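Novice: Using the sequences and the hints, build the whole thing.
From first to last, the protein sequence lines stand for chains A and B.
For the first sequence, my numbering gives the first residue as 1, with consecutive numbering after it.
For the second sequence, my numbering gives the first residue as 1, with consecutive numbering after it.
Hints listed in this document are in silico derivations from the structure and should not be mistaken for laboratory results.
Treat the numbers as computed from the prediction; the structure is a model and nothing was measured.
It cannot be assumed that every hint is accurate.
[Said to hold, decoys possible] With beta-carbon atoms standing in for the labels, derived distance ranges:
no., chain 1, residue 1, chain 2, residue 2, range
1, B, P137, A, R22, 20 to 26 angstroms
2, A, L103, B, A76, 47 to 53 angstroms
3, A, S34, B, R128, 29 to 35 angstroms
4, A, S122, B, Q153, 40 to 46 angstroms
5, B, P137, A, Q40, 52 to 58 angstroms
6, B, G2, A, N104, 46 to 52 angstroms
7, B, R74, A, L97, 34 to 40 angstroms
8, B, V3, A, A117, 18 to 24 angstroms
9, B, S53, A, L103, 56 to 62 angstroms
10, A, P59, B, F50, 23 to 29 angstroms
11, A, R22, B, E45, 54 to 60 angstroms
12, B, R107, A, A79, 50 to 56 angstroms
13, A, V115, B, R48, 25 to 31 angstroms
Ideal Cβ positions, reconstructed from N, Cα and C, are used throughout, including at glycine.
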Amino acid sequence: MIPMDPAELSGFLDRETTQERRGEIQQLVAKTASLRAELQSLASADSQWRTAARAAAFPVEIHLDRERKFTISARRAAAFIGFCLAIRFAPKLADTLMLGLALNGVALVVVIAWVIAITRESELRRIASA
Amino acid sequence: MGVERQYALLIEPLLGQGAAYARAILRDRHNAQDAIQEAALRGLERFRTFDPSRPFKGWWFAIVRHCCIDILRRIAATQTEALDDFELPQPPGPDTADWENLSAAVRGLADQHREILRLRYFADLSYRELAEALGIPEGTVMSRLHLARKALQAKMGEEKP
Numbered sequence: 001m002i003p004m005d006p007a008e009l010s011g012f013l014d015r016e017t018t019q020e021r022r023g024e025i026q027q028l029v030a031k032t033a034s035l036r037a038e039l040q041s042l043a044s045a046d047s048q049w050r051t052a053a054r055a056a057a058f059p060v061e062i063h064l065d066r067e068r069k070f071t072i073s074a075r076r077a078a079a080f081i082g083f084c085l086a087i088r089f090a091p092k093l094a095d096t097l098m099l100g101l102a103l104n105g106v107a108l109v110v111v112i113a114w115v116i117a118i119t120r121e122s123e124l125r126r127i128a129s130a
Numbered sequence: 001m002g003v004e005r006q007y008a009l010l011i012e013p014l015l016g017q018g019a020a021y022a023r024a025i026l027r028d029r030h031n032a033q034d035a036i037q038e039a040a041l042r043g044l045e046r047f048r049t050f051d052p053s054r055p056f057k058g059w060w061f062a063i064v065r066h067c068c069i070d071i072l073r074r075i076a077a078t079q080t081e082a083l084d085d086f087e088l089p090q091p092p093g094p095d096t097a098d099w100e101n102l103s104a105a106v107r108g109l110a111d112q113h114r115e116i117l118r119l120r121y122f123a124d125l126s127y128r129e130l131a132e133a134l135g136i137p138e139g140t141v142m143s144r145l146h147l148a149r150k151a152l153q154a155k156m157g158e159e160k161p
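Specialist: See below:
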């Protein structure tokens, strides 16, 4: 009789034993009814678990971009600089010119922020889909 | 190849199993999604210190596990939900009675038994990866898993009318 640790039955079921040991356990299981019954019972629970695992899986989309905060702060910094420049030069400019400049400044800030966001996003998407 | 890209390539095939594992712990799809997202980011932050001679899957699932525990703690802080109340996701199919029996038996298991079974089946970890994820010697994995299975069998026997 080949001595066998009961835990090896789990190793056998999970294919985590060496090929040689697997053969020995297989022989032992073929000879011993109680071992056969135990293996069958373990295999049945194993199959139920695998069904549960399959049922639980779902597709996940992840974003590797914790630095998103940086993008937001860049936008804020750009807005703040734009605002300071407007305050600094406002008294020296005619109203109409000032309005035009302000609108252009805002547009520029938005475009810069948008370009930063798009660049980062496409880079992350490229990494994730690689 | 950049570190981010290398990391993304490694975790991409693990996301489905990660989701299943997190869902088994958290019993909620949205929380599971949050846990995986957080684990992906934490893993990336720690990836530079990862030792390539160790199994990556086990390493990453240890992070997923910790993220799930953090979420459970957050939930516990806001609700009075029992943390060890475990529910298996209901599979499609007619074996509802068997299913409820298994689910009830799992609830009665000790934490370490439940944990090793979840990692084995939901995360599909090998024995080497289980050792890495649980921080136990590889030799202990087989016996702990077997004890968990036997305990589950015994519980299932109790649950059967």
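Novice: What hints, given by number in increasing order, does this structure fail?
Specialist: Going through the list in order, the structure violates hints 4, 5, 6, 7, 11 and respects the others.
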